[in-house]
Amino acid sequence: MNDIIFIYYSLKSRWLNCSLSIFLTAFGVAIALLVNQFEHTFSKRLSKDGSGIDLVIGAKGSPLQLILSTIYHVDIPPGNIPFHEAKKIINHPQIEYVIPLALGDNWKGHRIVGTSLNYLEHYNAKLEEGSVWKNDFEVVVGSSVNLNLNQEFEGAHGLFEGGDFHGDKKYKVVGKIKQTGSVIDRLVITSVDSVLSIHGLDSLNKNDSHLNPIKKSDREEDNKSHHKHPKNKDNHEHHQNGKSHSKHSEEINQHNHFGDKKKNNVNLEDDDHGEHAEEHAHEHTKNSPEITAFLVTTKSPIANINLPRFVNKETSLQAANPAVEITRLTSMLGMGSKSFATLSIILILMAALSIFAGLAANLENRMGDLATLRALGYTKKRVFKIIIFEGITIIILGLILGLLFGITIFEIINNVIKPLNTIQESFDLTNDLIFIIGIVFITGIAAALFPAIKASQISVANQLSRNI
Amino acid sequence: MHFKIENLKFKYGSQIVFDNQSFTINRGQKLLIHGPSGCGKTTLINLMSGLLQSQFGKIIFESEDLFELSENQLDKLRAKNFGFVFQRLYLINYLNVEQNIQLANISSNSCDMNSLIEELGLLDKRKSKIRELSVGEAQRVAIARAIVSKPKVIFADEPTSALDDNNSEKVMKLLFAQAEKNNTTLIVSSHDSRIKKKFSNFLELD
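In the order they appear, the protein sequences are chains A and B.
Just so it is clear: in the first sequence, position 431 is 422 by this note's numbering, and no numbers are missing.
Just so it is clear: in the second sequence, position 52 is 210 by this note's numbering, and no numbers are missing.
Straight-line C-alpha distance at most 27 Å; calculated DSSO-like pairs for lysine-lysine:
1. A:Lys99 to A:Lys160
2. A:Lys167 to A:Lys125
3. B:Lys234 to A:Lys371
4. B:Lys328 to B:Lys354
5. B:Lys234 to A:Lys445
6. A:Lys371 to B:Lys310
7. B:Lys169 to A:Lys445
8. A:Lys376 to A:Lys3
9. B:Lys310 to A:Lys372
10. A:Lys51 to A:Lys290
11. B:Lys287 to A:Lys376
12. A:Lys39 to A:Lys117
13. B:Lys234 to A:Lys372
14. A:Lys125 to A:Lys169
15. B:Lys162 to B:Lys339
16. A:Lys79 to A:Lys290
17. B:Lys188 to B:Lys356
18. B:Lys238 to A:Lys372
19. A:Lys161 to A:Lys117
20. A:Lys117 to A:Lys99
21. B:Lys216 to A:Lys371
22. B:Lys310 to B:Lys328
23. B:Lys188 to B:Lys310
24. A:Lys376 to B:Lys234
25. B:Lys238 to A:Lys371
26. B:Lys238 to B:Lys310
27. B:Lys355 to B:Lys339
28. A:Lys445 to B:Lys238
29. B:Lys308 to A:Lys372
30. B:Lys285 to A:Lys3
31. A:Lys371 to A:Lys3
32. B:Lys169 to A:Lys371
33. A:Lys99 to A:Lys35
34. B:Lys308 to B:Lys356
35. B:Lys355 to B:Lys310
36. A:Lys3 to B:Lys287
37. A:Lys167 to A:Lys117
38. A:Lys376 to B:Lys238
39. A:Lys35 to A:Lys290
40. A:Lys371 to B:Lys308
These are computed hints drawn from the structure, not numbers from a lab.
Go ahead and model the full structure; you've got the sequences and the hints to work with.
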């Protein structure tokens, strides 16, 4: 008789016991898989989204909050910073380039980010259709944002879905970005001035070279396009509609984002840098432009240490180091994932024990059967293999079921939980996961080893003479 | 000469089960090992079939000294040459009749399993589980498993001990018929005097 058929009927005769072992293995594997996949996804996204950003300069508050809100767009920023304050720093000799960010609104949960074109370049964004913005209130959208080219829409107050709409001004989609696998896939991106304008703030100085110290050629093009912006007109309109923002102002101010400001028409183009700017600090009143933060790339690693010291000590701003904060975050989350990892290890060990208990306990009842096989000419080795393969069958079924459970749950969570849905992560067979599968497999074999040895060393004559 | 037993002695601890046994068995011979319970009948069958080893004496089967063979060699020898009908039958409950018979080493020389099942009146029971069989049917399945591989020797340990006269008669007829058919040596251990008259060769143990 074929040993596989024999193993099948043997396991079938103990289906309840075997099912318990299979499900315990499956749960352990599924949890291990989920922990592994989410850790992998998390670290992949953290490194990709934060790549090339050495510092974030923003309002004082929680540095982690600043990093999460401005790089990863998952938290609320600690506040805004007056642009004239930021200008004091962005010309610092240790800074390679900066990318401004102005947050405050969303469209159906997708954040509307006012920034420069360098933001797109930083994430290697390529246009799928359309073009980049040339005027205020023109936007390009990430691949996960369900907006069509030329579609107009109103931004809603706040960074999460559910706020009131800016009824007075509509954005227009002029470009769609190809999927990048980074944070910008889920963002609506426009000029800083668009965001400032809609919140009743003066626009930035279009000729201000501090904004784009990266690649001068790009900056010049960018500035040219900025020159074409009907900025003053927009601002004027905004002033006229200033009252419509009162409600929004209250709401947004609670969140420390852009609130409507009383117009003062301070022209930043007239502002000088450095000391001159300081002298005029008193002129920067409520309608002066504010941004949420600057993403900073420094010229050297030493600047990542020196610059935050300078900013945190000498200015009213805060400089946060993403590497430091993310290490802190992952160490905190690591405790959680370690708990799950421990749980999965416990489940896998329980599964191994149940395989051991199932085979070992059943062995007593099967001694007669196994002795019969030996008497009929089955070798010790063959009996050993039968028992080992029974254990392996259980562990393989548990592994397959666990992987199916894990992948299904991972896909469900990915599709149901919006932040994961928008990043469109898929199952990835990592080395860690292959290691886990290997460990589970070896554990299963180890659990079957003792019963297999015991079964193969059975004393046939004694066993067959028992109870006669 | 099929079997040659020379000065065979066996003891459990200090208790001698039998001593100085010497006899020969020819191919196709039918031998009854007779004696009361506990006299060592099963032990002798276990020794002759290579399931037990003794430090005293020799058992030669077709020029092979069983006590000189390794465990692996004994396993192969058993699979190729011996069929067993155990006292407690030892049929595997989670397999059906056909699968239990197939546990024996069925080679290309083996008799057709289907015709054997039919001959033993088990045709309508071939897919039945062991627990669904009567004692007589289960006994026939055990015999079928013992003879399906056309062994040179059939060892039957107390094959009739749990059977009534009628069934006892049937089982012995069946074993004899199958042994005759294939010129198989039949070695039966029993304390049952009812079957004694069927054998011309006895080994009396006490």
